Amino acid sequence: MFEIKIDDARYWRDCVGAIVSLVDEGSFNITKEGISLKAMDPSGISMVSFFIPSKAFSKYSIDKNESVGLNLENLNKVLSRTRDNESLVMKDSDNKIVLEFAGEKSKRRYKMPMIDVRKNVDKEPNVDFDANVEMVEAPLKDILKDASLISSYVAFSASKNQFSVSARGDSGELEENHEVDSNAIKKIEAKASANATFNLEYLENMVKACPLGSAISLWIKNDEPIKMSYKIGDAVITYYLAPYMES
Amino acid sequence: MFEIKIDDARYWRDCVGAIVSLVDEGSFNITKEGISLKAMDPSGISMVSFFIPSKAFSKYSIDKNESVGLNLENLNKVLSRTRDNESLVMKDSDNKIVLEFAGEKSKRRYKMPMIDVRKNVDKEPNVDFDANVEMVEAPLKDILKDASLISSYVAFSASKNQFSVSARGDSGELEENHEVDSNAIKKIEAKASANATFNLEYLENMVKACPLGSAISLWIKNDEPIKMSYKIGDAVITYYLAPYMES
Amino acid sequence: MFEIKIDDARYWRDCVGAIVSLVDEGSFNITKEGISLKAMDPSGISMVSFFIPSKAFSKYSIDKNESVGLNLENLNKVLSRTRDNESLVMKDSDNKIVLEFAGEKSKRRYKMPMIDVRKNVDKEPNVDFDANVEMVEAPLKDILKDASLISSYVAFSASKNQFSVSARGDSGELEENHEVDSNAIKKIEAKASANATFNLEYLENMVKACPLGSAISLWIKNDEPIKMSYKIGDAVITYYLAPYMES
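Chains as they are written, first to last, in this note's numbering: chain D, 148 to 394; chain Y, 148 to 394; chain V, 148 to 394.
Any given hint might turn out to be false.
Heads up, the list lumps identical chains together, so a pair's fine if it works in one copy or across two of them.
Claimed, not checked - Heads up, simulated DSS-like pairs for lysine-lysine below, C-alpha to C-alpha not over 30 angstroms straight-line:
no., residue 1, residue 2
1, Lys355, Lys292
2, Lys206, Lys292
3, Lys258, Lys355
4, Lys292, Lys202
5, Lys258, Lys288
6, Lys288, Lys355
These aren't lab readings, by the way, just hints derived from the structure by calculation. What you are looking at is a predicted structure, and each value in this text was computed from that prediction instead of being measured.
Can you make the complete structure from the sequences, with help from the hints?
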């Protein structure tokens, strides 16, 4: 049994939106510390790791640790109906999760079945990254759009003072250089220069839910998975994406 | 012969928009009192009844009662091209209807053929309703969107102090309760509690043309058609929709 | 070898947008006077003639006259990614064109292959037009939308004091009259009245890129091609479209 309340339902909607942009189902692990979820996308080349501390909720009552498997796309649809000024209570009942949205003199209750998720994911990739780039949300989204005109893949390259992007396809080639302190790059920490190529569609899904104007951290190592992370209020969302290796 | 003028063509556009959201053809009956139209949608499970009094027009001249059958979708397209500050004259000529939009130093004239409508509708369903709910436009549209996430059907339930909505489907269940004086409900008059289920797509079409912020009246009786009505200026539009009976 | 710089990259984006709305590839002729392009659309019923003087650029350095054949749709995509406050340098290198967008501390470089265009166009139709109509952009776009409800073709008719438009189809007929000094027509010069019919989709593509609120000039002669022209800053874009002859 658990009962969790959030005063502004839109915040939970935004958190779930960041998860569902990559995965369609997953298990929320509810513990005294907070709620976490780790899941791989159906193709298995990317994963998401989410954590929100219990202090983000105005009520947080649990008997014991719980694992709640849900169809995240259905959950996301229900949350998309959130109105302004609504609180949200989530609790379990008969192997279902109950979501109660309450506005002034109006109440809306959804029940959704819990499911067995296809595949549980326990741990995150363990990579000793070479470079950490702190970027800003909008310029990164622009960079991905630039590259998508040229190719389905993009190469990221980080060195001490510069973050570079390149793509090449039948219609032409793209090369971008962004220096530290440009409007795109806030900070670079690099023990060595690092370069890897990634699927653009996945990267686009990963940045999609980042709050406007927020910082996004990237960790890169030659031909290894990229790690991307940003905060949504008190919650932290982290994504991993395997590199694309030209065969 | 008739010649009818409306000073703001956008008003007539909005009236026809409310009719065409449910039916694709129909006959306008033009009498001294005003213009009325009754028509069923092609599937026969809903009908629309429209009336606008002659006083809504700045010129209203008729020889005798006339019945003008029109393809309402074509009429709606033509009216969608209305600019600001245009007047509209409608008249008949050689079995065609002529629409003359006049702005300053510009004139636009459309001629459309009159048609024989498939099926004339004379009278409205005669139901002794149990409950009348006066709602507000935006919250009702929200309710229909909530339910459409879950199902193609929605159950409405009215009692003395509360209007409830429920839907159930593979992805979950929805239950909403709105009290009198909530932002959704202005008034409920109920001799008995009433409950019936309806096709959501039809309900959505029925509320679509309701002017922003307007009141919408619903009349409900157990497992009988719903009646919905709202005003567009001096005009009144009324819809009926048969209940959905689970087989 | 050439190297051309424009301080506001968005201006060149708008110029190319006006060309690409009709043709998908073409050769830019770069001379001391400026850059010109003449091309026919793939169907051969319309052509575009573009000219921008060298003074529109902040740097304009060429060795000799050059002809640069490009896939204009790809060029247009690249230019669509222009950010605010970016300058653009265009130069050639190894049979490729290089586009360098430079913002503050960020640089983006595209390389695109030069191509052999299918068909070069040297001269414009030589018609002794009977009427010249000076219109305003928005009302002309409205007129084309009005007509497209009724037909795929529209007839334009110009006389001393009036510009008329007509269209006829299964769903009805349209006739519009716009007098000189209406909000649509600024000036008409007609030696004789002129009337011709054109494909609406082409006309819509021709006006699409006209800057908001700009003047558009039309030249008409009975059953001859229409000429349409407008300015984008210092650049001039001219279109020709063959008349539609009912068979």
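Results of checking the hints against the structure:
1. Lys355 / Lys292: Close inside one copy (12 angstroms) and across copies (24 angstroms); limit 30 angstroms.
2. Lys206 / Lys292: For Lys206 and Lys292, the Cα distance is within 30 angstroms only across copies (29 angstroms; inside one copy 41 angstroms).
3. Lys258 / Lys355: both (28 angstroms within a copy, 28 angstroms between copies)
4. Lys292 / Lys202: Close neither inside one copy (37 angstroms) nor across copies (32 angstroms); limit 30 angstroms.
5. Lys258 / Lys288: Between copies, since 21 angstroms is at most 30 angstroms while 36 angstroms is not.
6. Lys288 / Lys355: Both. Shortest intra-copy (8 angstroms) and inter-copy (28 angstroms) distances satisfy the 30 angstroms Cα cut-off.
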